[in-house]
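Engineer: So the protein sequences, as listed, match chains A and B.
Under the numbering used here, the residue at position 541 of the first sequence is numbered 528, and the numbers go up by one with no gaps.
Under the numbering used here, the residue at position 194 of the second sequence is numbered 395, and the numbers go up by one with no gaps.
Simulated from the structure, these hints should not be mistaken for lab results.
All C-beta atoms, glycine included, are put in the ideal place defined by N, C-alpha and C.
Do not rely on the hints blindly, as some may be mistaken.
Stretch-level coverage of chain A by chain B, calculated; a stretch enters the list once three of its residues show a Cβ under 8 angstroms from a Cβ in chain B [as the list claims (entries may be wrong)]:
1. 111 to 117
2. 128 to 138
3. 287 to 301
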Amino acid sequence: MKNEHVARGEGPHLGDLPLAYRPKPGVRDEMVDGNGLVRAPWRNLIRTLSASGPHELGERFARAERYLRDAGIHQRDYGGGPSARPWPLSPFPVLLSEEEWSGIAAGLAERATLLESVMADVYGENRLVAEGLFPPAAIAGNPRFLRPLVHVPPRGGHFLHFLAFDLVRDPAGRWTVLADRTEAPSAAGFVLENRIATNRAFAGLYDRSTVERLAPFFASFRDGLRAHLGDNDERVAVLTPGRQDPTYFEQAYLARYLGFTLLEGEDLTVVDGELLVRTISGPKPVTVLWRRLMGNRADPLELDENGLAGTPGLVEAVRAGAVTMVNALGSGLLETGIVAAHLPAIARHLLGREPLLPAAHPVWGGAGAAVTEGKHLIGPALSGLPVFERNSGFRKAEGQSLAGDPSAVAYPLLDLSYTPVFEQGMLISRPLIVRAYAARTAGGFRIMPGGFARTAAGEEGDLLAFHEGGRSADLWIVGSRPVPAISLITAAEQRPVLRQAGNLPGRAADNLFWLGRYIERAEGALRILRAYHARLAENGHAELPLLASLTAYLAELEIDTAQPVPDMLIANIDSAVYSAGNLRDRFSPDGWLALTDLQKTAHRFREKVAAGDDAAHAMTVLLRKLAGFAGLVHENMYRFMGWRFLTIGRHLERGLHMTLLLAHFTHPDAPEGADDLLLDIGDNVMTHRRHYSVDTTRTSVIDLMGLDPYNPRSVLFQITEIARSVRQLPNSEESRMRLRADMDRLEGALAKEAAGSIEWSRFKTLEAELEAFSDALALAYLT
Amino acid sequence: MRYDLSLEIGSDYAHPVSTARHVLRVVPGTLADRQTVRDLSLTIDPEPESRRDFTGFFGGQASGFVLRQPHQRLTIRLSATIEVTRPDWRGAEASPLGDLREALRRTASVAPESPHHFLGPSPRLARIAAPIAAYAAALAGEARTVHEIALALMHRIHGDFRYDPKATDVETSAETAFALKRGVCQDFTHVMIAGLRSLAIPAGYVSGYLRTLPPPGKPKLVGADAMHAWVRVWCGPEAGWIEYDPTNAMLAGEDHIVAGFGRDYADIAPLAGTLKGLGGQNAFQRVDIAVAD
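Take these sequences, add in the hints, and give me the full structure.
Structural biologist: Following this line, the structure appears as structure tokens:
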């Protein structure tokens, strides 16, 4: 047998499979057919892999893992504990032929169009109810039916713009729709990440030129949304439920990838029917909103009153026709089992024939149709969660009648196909579900040539196996010819575009400002603590007046020197990570990684570091890590509005830190050694030695650390930098002009001071002035 | 009967509110063969930065408005002249409870008047507490008409409950009010709706006004100094909707002015809002309805 197949050129077979893969007997395998032959789309890949040893493959797959880890995707770590991504990657892709996929794509495009018609009817004339195709309960009794949206025509004429479909292959080999995702489909960003990671694994090994690319799909979706924009000031935004959402990272990733602004409900406001984002240069119109927030949570005033993540008045903006919702509010109704149960009849009614793609529709208990034979899955009729999702509420039943229970639906228990999954150095056979995506473009619905493949954790071949989680994999659509390379930049984008100074939402500016402050606050604390522990190590005990003075000083900042790595230091670092976590769409993965590394190290040190030398060393390590983060930001961050708020935050905090220090340690009662301590904390020992031929005196210290315009740690330097950044902020309003004038005046006054005539109390006043500036800045820009 | 209606509704705030958005649902509309509204005037103080009026799903008039100047008091004043005709309820044509399911099945509509919207659950009546269901079940019977059951439940609530404005507030659940056997019109209404829905009888919430001073020789009705609420029940395809006032143990009549319909309070709250401020507020309402000459 074996030799015959090879002789006929049918390619590799069982004996050649990488990592000794063996399909599960008695099920349909995506890669290997019933005769033990590798299926056509996989042949080139398997031929190539057969040539490389298991060690090399392991190395390559580890590379994919590393990519995801470096990109920060493996963790939903927003400052809390590390928790794994819900669907970790199996770097071994799932392959389908372009020919088979084009059939699926045609079926999905037809289905998307069908769903659009159903939406239009549900929120319009309700002919489907009148004609008996929908029971009234499917709509009037459906919590996802949003009454305020009835008879509100969608801006641009369409309800649905971005959809997903969960597909499985039935035992007969046909792809079957299992669930329509119409509300706010997730994981498209993970598809992109999976593609990049998987490509890393196969780089240089396998010619991927025949694999369909994803970028053109996203480009046409993006252009489709942009076509809804009017003048230059209008924008597309992604509405996120916030960082606590399990797919927040993915939302931030997509926003960054597509060049849309990532917003939360509170960033938005509605005035006279217009949807506006609060930015640092005032409110700007948002005319396309891609929401990842459940429709009923989108407006606490007109929809679910508990929807506090939403925007009061959003429905008014929709009613006014001011915003294109992607998708329309209320589209979640189509996800419920009770609706799915009636779609086959509706499809036949609207199409006049069977749809191109079969669907595994449930039976609704309220229809009087009993399910009495065979195994099936029973679950809630009004939940939008697909059967296979954890918490979907579906359970296995056999021979159970549903009749008379309108709250339940029953799905057939499908046998799924299996695909190879790479796990712990092995290729194992696991059940497969594929999530496909449809986007509305100028030319109608377009289907992504790829998708989010999911494999179950367990070997059991039914949908409930996915309740225990599993892995995701990239889906390759393999053609017979090389696919032309197209980048995401389109002709429309090649025109020069004037920078929009107002793109920065006020909340993002606020987070950047506070990120700057927390980072600098942590640095200030690290420097003092290092100085403290170095002297403690030298001296052997904490009784020294200078150490007691330091302890008192730090106590005012709620830093307890009795703790080698004080809680407040950890809290400052955690706060910096938290602020940065709100800005994931604005940060490079490198910066984020450096910052979370600092956080992890600090937490680890807290457990094991002892006072004295050990602590001084620990502070040096943390300072170096912090400098690493600051350096990455400094080298890589685009110098625009966001940068300015970060800069102002850092310099303001450093200015506060220095004024406080100088006020405390240049006080006449300051203990012996205070002057040298100040130089040490300010990293100015060497500079002082070069600049002043005298021993350290109070005057020389004040001159260098208070008034020197070239010393990056002096008070004057901070104020100059703040003033420079403030001058570059949008400043149309009176309060903003005043802010600028105040800073200029402060800078001018301090520049004229002489070190000999200035005393500790002046720094007290300066500190108060900087605090007042911080409040005024927040009032003018950040609220 | 012709009435001059005046309403003052709003809030005092302990601290200045910088921005606020509200939806107001107090304006009575004209209903064919029932009420005609004339000389309507609505003022909002302070003057909103924007105001947009719209019609809610169930037909009630609503205004969405935004205030963006610091204020410590919001006052809305409404006045109108309203001609009310006593509704001609057709209780005699009500369906027996045993026929209701089939009648619903044949009502293939989800238009705002369709009973299917009122079978629950709804925002404030998401789950029906077992004690309320048992309370209603005791009055039901397949052979009794929906009208008979609704009347019986209305009288039972009126008899068992004490009108007590201090016992509950606008957030009180039907379950709590039922346990207390106290409350105001909103609570009575919610309990009655919950009881009817537990019997699969479509029941909804009516928000409106009640004549303040009784005709000579008649007692003053309860709940007339603030906005009022009562129940509407779908009594079958022939009888249609009938309205019951459990606070006063009567059918809605010439003394009842409708402001709007909903599934429960959440759909038709007179003044809903989200605001930015330090909190602490005291809502007020004053209603006066005089017979016009």
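Engineer: Hint by hint, note whether the structure agrees.
Structural biologist: Structure-based check of each hint:
With 3 residues having a beta carbon nearer than 8 angstroms to a beta carbon of chain B, the region 111 to 117 of chain A meets the requirement of three or more and the stated coverage holds. As drawn, the region 128 to 138 of chain A meets chain B at 5 residues by the rule of a beta-carbon pair under 8 angstroms; at three or more, the given contact holds. Check result for the region 287 to 301 of chain A against chain B: holds, 7 residues qualifying (beta carbon to beta carbon below 8 angstroms, three or more required).
Consistency with the previously given hints is maintained throughout, with no hint failing.
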